[in-house]
Amino acid sequence: MPQSLSKVILHIIFSTKNRELWFDSDVRPRMHAYLATVCRDLGAEFVHLGGVADHVHIVTTLPRSVSQAEFIKRIEKTSSKGIKRFNPRYRGFFWQSVYGVFWMSPSQLEAVLQYIEAQQEHHRTRTFQEEYRELLRRQGVDFEEPYVWD
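For the sequence shown, this note's numbering assigns the number 1 to the initial residue and increments by one for each residue that follows.
Be a bit skeptical, because a hint or two may be false.
Per label pair, the in silico range of CB-to-CB distance [what the hints assert, rightly or not]:
#1 R126 to E20: 15 to 21 angstroms
#2 A118 to Q139: 15 to 21 angstroms
#3 G140 to D26: 35 to 41 angstroms
#4 S67 to N87: 30 to 36 angstroms
#5 P29 to L5: 29 to 35 angstroms
#6 S105 to G82: 29 to 35 angstroms
#7 G43 to E20: 27 to 33 angstroms
#8 Y99 to A33: 17 to 23 angstroms
#9 S4 to K84: 33 to 39 angstroms
#10 Y147 to Q3: 36 to 42 angstroms
#11 M1 to D26: 44 to 50 angstroms
#12 R30 to R74: 15 to 21 angstroms
Since the hints were derived computationally from the structure, they do not count as laboratory data. Backbone N, C-alpha and C fix where the C-beta goes; we use that ideal spot for every residue, glycine too.
Let's have the full structure, built from the sequences with the hints guiding it.
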């Protein structure tokens, strides 16, 4: 039987609204596990997460049955609702409305996973904004500073 085949690997970056420090080291593993479950429930075959208190990096495969925009919208919406159920203190939690998503080849995967694993180290010397600007530049994404942040 004919079958359409696809393997699109995405590097998705979400920041908390206003880069608020919502995810301390106690809740971060739980939040990452929850986001991984959301991605798998949507049909992703591979999921790896990392991040710090104000943002998350998700490396995942794009399910064949959903568009990139719909996939990300569903991750944001589902995870935002779920995170608010973690604890009453998360009732005010929101993701920033702007996100980054980049396609990568399988040959880039290991380097990106290592980069994500080293998030704590990266952010000892630079902010999320500095990191994000650099990622946008490396990916060749033109952007206007006022429209990148909310």
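A quick look at each hint next to the structure:
About 18 angstroms separates the C-beta atoms of R126 and E20, a value consistent with the hinted range of 15 to 21 angstroms. The hint said 15 to 21 angstroms for the Cβ distance between A118 and Q139, and at roughly 19 angstroms that hint holds. The hinted range of 35 to 41 angstroms is satisfied by G140 and D26, whose Cβ atoms lie roughly 38 angstroms apart. Hint check: S67 to N87, Cβ distance near 33 angstroms, so the stated range 30 to 36 angstroms holds.
In this structure the supplied range 29 to 35 angstroms holds for P29 paired with L5, their Cβ-Cβ distance being about 34 angstroms. Taken as a hint, the range 29 to 35 angstroms holds for the pair S105 and G82, whose Cβ atoms sit roughly 31 angstroms apart. At about 30 angstroms, the CB distance of G43 to E20 agrees with the hint of 27 to 33 angstroms. Between Y99 and A33 the beta carbons are some 20 angstroms apart, a value that agrees with the proposed interval 17 to 23 angstroms.
Checked against the hint of 33 to 39 angstroms, the pair S4 and K84 passes, with Cβ atoms roughly 37 angstroms apart. Evaluation of the 36 to 42 angstroms hint for Y147 and Q3 yields a pass: the beta carbon distance comes to about 40 angstroms. Between M1 and D26, the C-beta spacing of about 48 angstroms keeps the proposed range 44 to 50 angstroms intact. Between R30 and R74 the beta carbons are some 20 angstroms apart, a value that agrees with the proposed interval 15 to 21 angstroms.
Hint violations for this structure: none, all hints satisfied.
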